[in-house]
Amino acid sequence: MEWRRRFLVLLCLLSATSSSVEKRDSNSIYGQQHLRLTNNPMEFGWNQKDNRKPAFKNCLGYAPVVKEEQDKGTFVIQVEADDPDEGNNITYDLITSASERAKFEVNSKTGQIYTNHIFDRDEPSLEKSVYVTVKATDDGVPPLDDVCTFKVTIEDINDNPPYFIKAKYDERMAEDTK
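Under mature numbering (1 follows the signal peptide of the UniProt record, and there is no 0), the residues of the sequence shown are numbered -19 to -1, 1 to 159, in order.
Watch out, some of these pointers could steer you wrong.
Claimed, not checked - With a straight-line Cα cutoff of 27 Å, these simulated BS3-like cross-link-like pairs (lysine-lysine) come out:
#1 Lys132 - Lys109
#2 Lys48 - Lys109
#3 Lys38 - Lys48
As the list claims (entries may be wrong) - Label-pair ranges, simulated between beta-carbon atoms:
#4 Asp103 - Gly54: 17 to 25 Å
#5 Ser106 - Asp63: 30 to 38 Å
#6 Asn88 - Leu125: 16 to 24 Å
#7 Ile99 - Asn70: 27 to 35 Å
#8 Glu152 - Ala79: 48 to 56 Å
#9 Ala83 - Ile138: 19 to 27 Å
#10 Leu107 - Val128: 26 to 34 Å
#11 Thr55 - Val128: 20 to 28 Å
No lab work stands behind these hints: they were computed from the structure.
Cβ coordinates follow ideal geometry from the N, Cα and C atoms, glycine included.
Taking the hints into account, I'd like the entire structure generated from these sequences.
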C-alpha cells in the first residue's frame, strides 16, 4: 500500500508537465481505481494566485491628527489593506510596544483605530506625536501580512492660560523712540 501512495505522489508531481489524461486501472485487487493526471494545480487546491500578501493602500499618506484632551474612544483613522487573493479576509492588529499599545486600539475587522488614552501635549508628558504600527494579516495558509507605521500628531488645544515668567518687568525706552 505504501508504494502506491508514493507512486501516486510521483504521478501527481509529473502531471504538471503532462496533459490532462485519465488513466484507468482495472486490474486492481481493491476494486476499480481511477488515476487522473492533470497539469492544472487548482484541481488539487494549489492555487499559485492564493499566496500573495496583503498590502496597505496608502501607508505613506497616513497622517492623522488627534487633539489633546480628547476622550478615550476618539476616532483616529481607518487603515485599509488589499489582499489580491480570493476571499480578501484581512485581520488588523497593533504591533507597537506595550506602552504605545495602551494608547490606541484597532478594530480587527475594519481597521478603524481609536484612542485608548487621553493625550496631553503639556508638562509632564509632552506627547506631541506617537508612532503607530499596524499589521494586516490575510487568512491564507500560511497567513501572510504587511506592516504599516505612521505618525499620529497630537494637536495643542491651547488649554492653558498665558502667564508671565516674572512678576514684574522693568524696561527703559528713549523718549524719541517711534
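Taking the CB of Ile99 and the CB of Asn70, does the distance hold inside 27 to 35 Å?
-> For Asn70 against Ile99, whose Cβ atoms are near 34 Å apart, the range 27 to 35 Å holds.
Look at the Cβ atoms of Ser106 and Asp63 and judge whether their distance stays inside 30 to 38 Å.
-> Taking Cβ atoms as reference, Ser106 and Asp63 lie about 36 Å apart, which means the hint holds.
Do Asn88 and Leu125 keep their Cβ atoms within the hinted range of 16 to 24 Å?
-> Holds, since Asn88 and Leu125 (Cβ atoms, about 21 Å apart) stay within the stated range.
Take a look at whether the Cβ-Cβ distance between Glu152 and Ala79 falls inside 48 to 56 Å.
-> For Ala79 against Glu152, whose Cβ atoms are near 51 Å apart, the range 48 to 56 Å holds.
Below or equal to 27 Å on CA atoms is what counts here, so check Lys132 against Lys109.
-> Holds, at about 10 Å.
Taking 26 to 34 Å as the hint, is the beta-carbon distance of Leu107 and Val128 inside that range?
-> holds (27 Å)
Can the restraint linking Lys48 and Lys109 be considered satisfied, given a maximum Cα separation of 27 Å?
-> Distance ~10 Å between Lys48 and Lys109 Cα, so the pair holds.
Pair hint Lys38 and Lys48, alpha-carbon separation not exceeding 27 Å = Cα-Cα ~25 Å, so holds.
May I ask you to test the hint 19 to 27 Å on the CB atoms belonging to Ala83 and Ile138?
-> At roughly 22 Å between Cβ atoms, Ile138 and Ala83 fall inside 19 to 27 Å, so the hint holds.
Look at the Cβ atoms of Asp103 and Gly54 and judge whether their distance stays inside 17 to 25 Å.
-> Distance hint for Asp103, Gly54 holds at roughly 22 Å.
Do Thr55 and Val128 keep their Cβ atoms within the hinted range of 20 to 28 Å?
-> holds (24 Å)
Checked against the numbered hints listed earlier, the structure breaks none of them; every hint is satisfied.
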